[in-house]
Amino acid sequence: MAAPAQVDPATQLKGFRTLVAILVLAGLTVGLGMPMLFIALGIEAFMTPWGFDGIWFFGLFVMVVDFVLAWTFWRRAAALDRRLMGLPPTS
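First residue of the sequence shown: 0, per numbering that gives the first Met the number 0; consecutive thereafter.
Because the hints were derived from the structure by calculation, they are not lab data. Note that the Cβ used here is the ideal one computed from N, Cα and C, for glycine as well. Every clue listed holds true.
Pair by pair, the computed Cβ-Cβ distance ranges are:
1. T10 - G32: 22 to 32 Å
2. A77 - F45: 34 to 44 Å
3. F51 - P8: 41 to 51 Å
4. I21 - F51: 26 to 36 Å
5. P88 - D7: 12 to 22 Å
6. F56 - L24: 16 to 26 Å
7. W49 - P87: 45 to 55 Å
8. W49 - R74: 36 to 46 Å
9. W70 - M35: 19 to 29 Å
10. P87 - A9: 17 to 27 Å
All chains should be modelled from the sequences, with the hints used to inform the complete structure.
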């Protein structure tokens with residue numbers, strides 16, 4: 000069995016930071032942009048019994064998931080950056 004490919008830590012750090020930026024942008028686009036576009040075009044996805052458009056639930060859920068993933072990858076990038084600088088990990 001072949002050994003797994005080793006990724007350069009600096010390349011991995013850049014990839015984590017790029018992924019964080021993409022996740023935050025996607026979270027804002029889907030979480031806020033899509034419901035606002037639906038409001039601007041007058042589209043109602045489904046109304047809840049108390050008169051709230053349900054598309055906001057979906058958008059906010061996607062935004063929260065994207066932000067949690069971005070936070071997780073940001074912490075990994077920060078830990079990798081500290082390791083590359085030779086500093087001890089933070090607690």
